[in-house]
Every structure is written in structure tokens, then in C-alpha cells.
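**Student:** The chain contents come next:
Protein chains: 2
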Amino acid sequence: MTKISKASQTEMQQYSRRDFFRKTAAYSVSALAAASVMAPVKINAEDDPAIVEEKVWGTTFGDPVTKNLYGVPSAYEHHVTRRNTKLLSSGNYYASIAMCPIHESMGIITPNGLFFSRSHGGTAQIDPNEHRLMIHGLVEKPLVLTMDELKKYPSVSRIHFIECPANGGPEWRGPQFPSIQFAKGMMSCAEWTGVYIKDILKDLGLKPKARWMLAEGADNSHMGRTIPIDKVLDDAMIVWGQNGEALRPEQGYPIRLLVPGWEGNLCVKWLNRLEFASEPFYAKEETAKYTALKPSGKAIQHFYANEVNSIITSPCPDIPWTDLKKGDIVEIEGLAWSGMGTIKGVDISFDGGKNWVEASLKGLVLPKAWTRFSFIYKYEGKPLLLSSRARDDAGHIQPSVKQEREVMGVESVYHRNGIATWEVTEKGEVNNVQVLS
Amino acid sequence: MTKISKASQTEMQQYSRRDFFRKTAAYSVSALAAASVMAPVKINAEDDPAIVEEKVWGTTFGDPVTKNLYGVPSAYEHHVTRRNTKLLSSGNYYASIAMCPIHESMGIITPNGLFFSRSHGGTAQIDPNEHRLMIHGLVEKPLVLTMDELKKYPSVSRIHFIECPANGGPEWRGPQFPSIQFAKGMMSCAEWTGVYIKDILKDLGLKPKARWMLAEGADNSHMGRTIPIDKVLDDAMIVWGQNGEALRPEQGYPIRLLVPGWEGNLCVKWLNRLEFASEPFYAKEETAKYTALKPSGKAIQHFYANEVNSIITSPCPDIPWTDLKKGDIVEIEGLAWSGMGTIKGVDISFDGGKNWVEASLKGLVLPKAWTRFSFIYKYEGKPLLLSSRARDDAGHIQPSVKQEREVMGVESVYHRNGIATWEVTEKGEVNNVQVLS
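Those sequence lines, one after another, are chains A and B.
First residue of the first sequence: 1, per our numbering; consecutive thereafter.
First residue of the second sequence: 1, per our numbering; consecutive thereafter.
Don't read these hints as lab results, they were simulated from the structure.
Wrong hints could be hidden among the right ones.
[To be verified] Once the Cα atoms are required to be at most 25 Å apart in a straight line, the calculated DMTMM-like pairs of lysine to aspartate or glutamate come out as: (1) Lys325(A) x Glu423(A); (2) Lys67(B) x Glu130(A); (3) Lys284(B) x Glu54(A); (4) Lys382(A) x Glu149(B); (5) Lys152(B) x Glu429(A); (6) Lys202(A) x Asp323(B); (7) Lys325(B) x Asp351(A); (8) Lys152(B) x Glu130(A); (9) Lys294(B) x Glu404(B); (10) Lys151(B) x Glu54(A); (11) Lys382(A) x Asp351(A); (12) Lys294(A) x Glu411(A); (13) Lys151(B) x Glu331(A); (14) Lys325(A) x Glu149(B); (15) Lys202(A) x Glu331(B); (16) Lys152(A) x Glu331(B); (17) Lys152(B) x Asp47(A); (18) Lys151(B) x Glu77(A); (19) Lys202(B) x Asp323(A); (20) Lys362(A) x Glu331(A); (21) Lys202(B) x Glu140(B); (22) Lys326(B) x Glu149(A); (23) Lys378(A) x Glu423(A).
[Unchecked claim] Far from chain B, some chain A residues (derived; all Cβ distances over 10 Å): (24) Leu206; (25) Leu293; (26) Ala305; (27) Val357; (28) Gly395; (29) His396; (30) Glu423.
The C-beta atom is built at its ideal place from N, Cα and C for all residues, glycine as well.
Please put together the full structure from these sequences, using the hints given.
**Tutor:** Below, the structure is given as C-alpha cells:
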């Protein structure tokens, strides 16, 4: 448990929801005479055409139900999309990444249309009738499965995040992105449906010498990663469903590996081969890439679990506080996650990490899943250095940037979980800064 | 707790997951010599071109990440859509319903593109900048809110189903639909984000005489429904988020009412007015419609909560067992839900309701949410009358069709929760039948 100074708790008075409603007079208009039932009413709002004028959607038929039998978002939400950057891209954006607009996220489910995506050779468009999963190597009964055969295994559904280990990594040495979508958008969270590999292995029979599992994709990058057998037998899954429908092509349709809480690149997409062996495979993507260079000049190779982490999503550079007035009560919101367990708590600092107060967790709190936190705050119009610090039930706590640099230096781009800080200016603008002290 | 005869438990032996894998030899191929690491392997499958031939997606770049920044499903999933029927439609499908493909559902989240939809005047396409929410009547401080102002209230996220009370109702007198999508597809389940109305009322101040709340929509049907104040103060919400993004237009964008567990039509879409009063409003849609005619000739008017219910989704008429062989072990799966609480258990019958055995609940079990059940079964190729019967923590249990008819007759189309039955033929075909005895 984190030590929180009593002085800071007094200074950074946390307001209850009750306070929020008591003090938020800005949202009220003055009382009106009792309105006649079912008749239109004006409430000090004669100058608001949105109230007094008829709308086209109130006087004419809307779209027929036959229009979009597979639905799409409102045209007014066109700005809420994934975004890409040249950062990880070949010139043609085949090997690239699409960042999730996490500042627009709500709850803990990311809709499939906005789920972040990374590919090493473009999004394969696979015909599931022509796709097979081969499971072989150190098993008693090797298998080749059609997708129909695979889906006959009894299924399980689990809510888990997937995060690219490079999330936040480009900022290790700075400069910092002026956008949360680019700073922390290499992650999302969904309800996955599939089968535990340990259950399939009950059928196949794992040989005693099997210590590692290679997962390989059918796309043209033939992404390959090796997973230690303990994790495979713990909670690794082959999944075909995401948020109640088939995986999207950019998530590996028809099937991908899910290695809950561990590096996203281990969750091999367009999965078509699992091979069990006594030694790691040292595939291209676990030697040239996805290793972490340390100050000693040596690299960490078998580096898997995404460590406990958090980010404040509101405010953020993409959603500043420029419309707030001094004295307004506002909800600070954010996301916390740990690849090693369940979030136990999140602390908030307003002074760059000198003092901390505890936020509330809200909604579902599940292992290896996004967990949302909330803090009701009275805005004073003063400059702030706003940070969050998460703790998990495995006993981990986010390090400061200074602590992280002491261990990892500044040459790595993977597994960055140092405490992030937003600088809030007197005007309510929000800048992405690093607190190095 | 349901009485389950011991004899039937023995007859209808429930197989464990362990048994499934031990007995599912059909999915295995014979052992092969140890494969060379990282080299292609053939496993008794020289005649399967899907294994031995190169695929275009394995040898050429896939789509660039810039292609669909808001993603879409695979083209191979084109058959998974909502479907409509002339049943509730005006000739032009403005006032109509789109059924959810619940046989394709996985887990408890329905993706927004497949969430069932019912409208009374078409899908309004509302500009959120021109939309307001008025809250007035028996409150101390009436309000008019812009969408930005509304979203400043501290938010909550909750997973709940929404079900049209007519779900299954057209079958009350028969004939039965030969499709689960049409028989039970007037429901879906999502993670909703918004604000509890009780929290807004802390700010507004509810007057003591307020006993009912009118909710009215901005679409051209101006759908109006009255909700009793106890339910409003329990868990009714104004929601703007669904599965982590803005509501879709057909779900009421920019905001709808959510009345968890109660009739879907109470969850007024395109919400623009809440009025508090001492008496019900008796709006058109709660007098001419959404009342239940009883055998006495009188109708139930204030009829709200969707009762405990369940349906087997696999097998079903849309997913028969025609590919099973005698002795195969197969997972029977289904959905249970109750508008009055949390699902406590589900029983399965193979003989039209004479004998029952208990199924397992799997995944998240949440109040007023879809809950998935599972039963591992050894298929014998004999004719079956396959039924499920759910129980909730409020003490309710699904009635037989006979029991339901004794109370409600056959003239109602709302709140049908009599036990549903699939007839499974010797060939594994699945028919939708009613067991009336």
C-alpha cells in the first residue's frame, strides 16, 4: 500500500459526488412556473434555437430499418477514429500501427472499429474456409484443425486488454507527443471468446520436455513468437470472437493467439501454427525486435508482461480544461491496467508526484483488464502537474520516470510504465511533460 | 431452488470438459514423426490444399493501416447481420425492428453493429450541437442541458441487456419461427456509459409529490413513456456511450434513457425531455401499445420488468446438429437473463420439461445482464425435446408454456417467458416447437 501524507490529503480535498451536484450551479437555470403537461416549454431559453425551433428529425421520417443492417456510427462522430503515424510505418503503411482514441473511450470495452492495430506486413484478408491451425512438436497427438473444428471446443469469454510493449516508448527520450492518442493509444480492451490452449492440450497430450510454444501467423510477415510453457498452461487462449462477433481482419481474423497481459506482439494474429519445443525458437521478431536495450549495452530478451501502468484520459492534451471556470467541480478520469494481475488502487498527484491522494476505481475491476479510475476535483485555475500512479494485486507500483531511467536508461522503447504527467496551465491547456526529478 | 430428480441426473449424464477432450478423437489425426523446427510440416494431410498450397495472403502485402481507420468486419462475415421482418413494419420499414443474430453471439457483449433496433418513425440522424435535454416538472430547479453540459456529470458504466417486451410474443399463438434470430432476436446486451438520473436529481431537487417521470424522444414519433419514480431513483440512467463509443443513431444518438431490465421501449431513444409529475402521463405508446391483454378482457397497463428468461443458442434452428455423429461430445450453449435481478442458475431438459439437469454458468454473471450457460453433452442421435429454464436471485423461475397460458391466455404479445423448446430430430435438424402439456 502506498504511503499518502495526511497533509496532502487535506490540501487536495477530494469532493464527493454529492458535493459535485451541490456546487455545480453552472448547470442550472432558474425555476419556472409549473409547465402544462405534454406541452412544449421554454425555460429562460427563448434565444436558443435548439429549443424553440422545430428540427427536421422531429418532423420527418428517419432512416428505414433496412438501411444499415450492420450498423455504423453517426456521421457527427467522424472525428473518433484510430490514427496512424509515420513512426512505425514503412512508406506505404503496410507495416504500421493504428492508435486507439483512448481519450474518447468510455467504460472498459473498446469497440472493434476503434481497437488499436499493429501489423508487420499489412492486414491479411483470410478466407476462413482456406485457413487451418496446425498444432505439433512435443505433443502426443499433433493436429490440423479447420476453423469449424476449432470452434467445437467448449468456449470461454474473458475481458482483457492488449497493449503493444512500445506504447509510450517513443517518448522515452522525448519529445513528448502533444496527444494522448499518440502517447498511449497502442492499447485497447475487449471481451475475447475462444478456447484455453491448456484445454486443447488435454486432448493432445503435452510431452514432458515441452518448455516453449512457437506461435506463427499466416500473413506475409509470418510473425513468430515463443511463449514459455507456464504462461501457455496458465491463461493463453486461441480466440475467434471479439466483443461478441468474429475478430476483425486487422485483429487476426479468423483466429489469433491471446496471451493475457503480456506484450501485444505475442498475441500472434492470423494464427496458423503452434509448435511445442524444449528451447525457445529465437524468431526474427524476438531477436532483432521486441528486446529492450539496457544501459549496460546488453538487452533483455525474454521480456513479456506489460507492467502496472495508468494514464489520466480526462483532462489530457486532446481534452483540455480550457472551458472550466475557477470553482468548477470536475471529474478527473483515467485508465489503469496491469499485465501481472488486478488493479488494486490508483493515486493522483497535482504537484508532479510530491504528494498523492487516492482515486476511486469505478465499474468492473477485472484481472489483466482496463480499470477505470475517477477523482472529483474542484478546479482552482492554478497551474498543476497532474499524474496518476497505479498499484496491482501482485504488489507492483508504477515507478517515477527517474526510477525507471535508473534501471532501464533511455535506449529502450519497450515496457515504459514510468508515471506520466500532464502540465495544466492557468488557462486550462494541457501539455504532455516529463517530470525527471 | 429447483427440484431435480436424481434419476434424470443419472440418465442425462453431464460430461465434464475433461471428458470432452478425452472422447473427441474425431478432431485428432494420427501421430507423426518429430517435425523439424520452423519447417513446414504435413500431417496426414497431403490432400488438403489449405495446408500444402501457398496462400495469396501469405505471400503478398495485406491492406495498409490507413485503409479502414474505423474498422469493418471481414467480408467473409457478411451473413452476420441484423435482419428485419414485415411483422412490425410499415410498408416502408420506417417503423420497424431489426433482429439481432443471437445465434452468432459470443460472450455477453453485443457489438454495436449488431445490436437489435426498434423505431417508431425511423432512425433519426440528430446533430448533437442542436440537441438539448430539458428536465422539468416537479423539480426545484428545472434544467436545459447541452450535450457537452450533460457529459460533465460524473459518469458510470454498466453492462445491461435491453429487450423488447414483444420478444417471442408473435409466437404466443404460433406458428413458431424456424429461426432463433426471429424468435428471440429482439434483445442484445452492451456496456452503457452515462449518468444515473438519481445523481442529476441531487442537483435539481425532486419535489415530494413527484411519483412519475415522462421520457420523450426528439424523433418524429416523439415516443413517450412514463416510469415510476422508485425505478428512476433506483438505477435509471441517461446514456451517451455504448461499448466504449458514442451511441449509434439507431440506439438514440446522442442520448437515450436506460431503464435496466425493464421493457426496451421505456429506454426512450433520441431523448430530449424528462418531466416529473404526480400522475402517469398515459402517452400513446403506453395505452394503445405496450399493454398486455388478459383472458378476462382487461389489460395490464403498468407492466415493466422483463421476467426471467432463457434460450438455447446452440443448437438452434439456425445452427443445427446435422454434422454430429453418434457419440460426439458437444457443448450446448445459451443465454439467460432477468430484468428483476441476477441469474442464479439454468436447468436443461432433453425430454420437453419432464426431467431437468443443471447447466453451468460461464463468464461474467451480472445483474440485469445476459448470462451465458453451458452443458457438455454426449450426442446419441436420438430425437430430443431440448429446453432451458432459468432462475434469478429474486426467486423467479421460468414458467412452462402451459403455466404462462393459464395466467396470460394467448391474446398478449408482451412479456412472453414461457420455456422454449427445440425439437432435435434423429438427423440433428432443429425445429422450434411449443410444448403445451
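**Student:** Against this structure, judge whether each hint is valid.
**Tutor:** To see whether the hints hold, each was checked on the structure:
At roughly 17 Å between alpha-carbon atoms, Lys325(A) and Glu423(A) fall within 25 Å of each other, so this suggested pair holds. Restraint check for Lys67(B) and Glu130(A): the C-alpha separation of about 24 Å stays at or below 25 Å, so the hint holds. For the proposed pair Lys284(B) and Glu54(A), the alpha carbon gap of about 21 Å is at most 25 Å, so the pair holds. Distance restraint check for Lys382(A) and Glu149(B): the Cα-Cα separation of roughly 22 Å lies within the 25 Å cut-off, and the hinted pair is therefore satisfied.
Only pairs whose Cα atoms come within 25 Å are accepted, and Lys152(B) paired with Glu429(A) is accepted, the gap being roughly 17 Å. A threshold of 25 Å between alpha carbons decides the hint, and for Lys202(A) with Asp323(B) the separation of about 24 Å falls inside it, so the pair holds. At roughly 68 Å between alpha-carbon atoms, Lys325(B) and Asp351(A) are farther apart than 25 Å, so this suggested pair is violated. A hinted pair counts as satisfied when its Cα atoms are at most 25 Å apart, and Lys152(B) with Glu130(A) does not qualify at roughly 50 Å.
Restraint check for Lys294(B) and Glu404(B): the C-alpha separation of about 11 Å stays at or below 25 Å, so the hint holds. About 24 Å separates the Cα atoms of Lys151(B) and Glu54(A), which keeps this hinted pair within 25 Å; it holds. Under the criterion of a C-alpha separation no larger than 25 Å, the hint pairing Lys382(A) with Asp351(A) is consistent with the structure, at around 11 Å. A distance of roughly 7 Å separates the Cα atoms of Lys294(A) and Glu411(A); the hinted pair therefore holds under the 25 Å criterion.
Among the hinted pairs, Lys151(B) with Glu331(A) is consistent with the structure: their alpha-carbon atoms are about 10 Å apart, no more than 25 Å. A C-alpha spacing of about 13 Å is found between Lys325(A) and Glu149(B), which places the hinted pair at or below 25 Å, so the restraint holds. With a C-alpha separation of about 17 Å, the suggested pairing of Lys202(A) with Glu331(B) holds against the 25 Å cut-off. Our distance criterion of 25 Å between C-alpha atoms is met by Lys152(A) and Glu331(B), whose separation comes to about 8 Å.
For the proposed pair Lys152(B) and Asp47(A), the alpha carbon gap of about 23 Å is at most 25 Å, so the pair holds. In summary, the hint linking Lys151(B) to Glu77(A) is supported, as the alpha carbons are separated by about 15 Å, within the 25 Å threshold. Taking the CA atoms of Lys202(B) and Asp323(A), the gap is about 24 Å. The hint holds against a cut of 25 Å. Restraint check for Lys362(A) and Glu331(A): satisfied, since their Cα atoms lie roughly 12 Å apart, inside the 25 Å limit.
Restraint check for Lys202(B) and Glu140(B): the C-alpha separation of about 10 Å stays at or below 25 Å, so the hint holds. The suggested pairing of Lys326(B) with Glu149(A) holds, with an alpha-carbon distance near 16 Å, which does not exceed 25 Å. For the proposed pair Lys378(A) and Glu423(A), the alpha carbon gap of about 17 Å is at most 25 Å, so the pair holds. Distance to chain B confirms Leu206(A) as a non-interface residue, since its nearest Cβ pair spans about 12 Å, more than 10 Å.
Annotated as non-interface, Leu293(A) keeps its C-beta farther than 10 Å from every C-beta of chain B; the closest such distance is 26 Å. With a least CB separation of 23 Å from chain B, Ala305(A) remains clear of the 10 Å interface cut-off, as annotated. Interface exclusion of Val357(A) from chain B stands, the closest Cβ pair being 17 Å apart, more than 10 Å. No beta-carbon of chain B comes within 10 Å of the beta-carbon of Gly395(A); the shortest separation is about 26 Å.
Distance check for His396(A) against chain B: the nearest CB is about 25 Å away, which clears 10 Å, and the non-interface claim stands. Distance check on Glu423(A): its Cβ is at least 22 Å (rounded) from any Cβ of chain B, clearing the 10 Å threshold; non-interface status holds.
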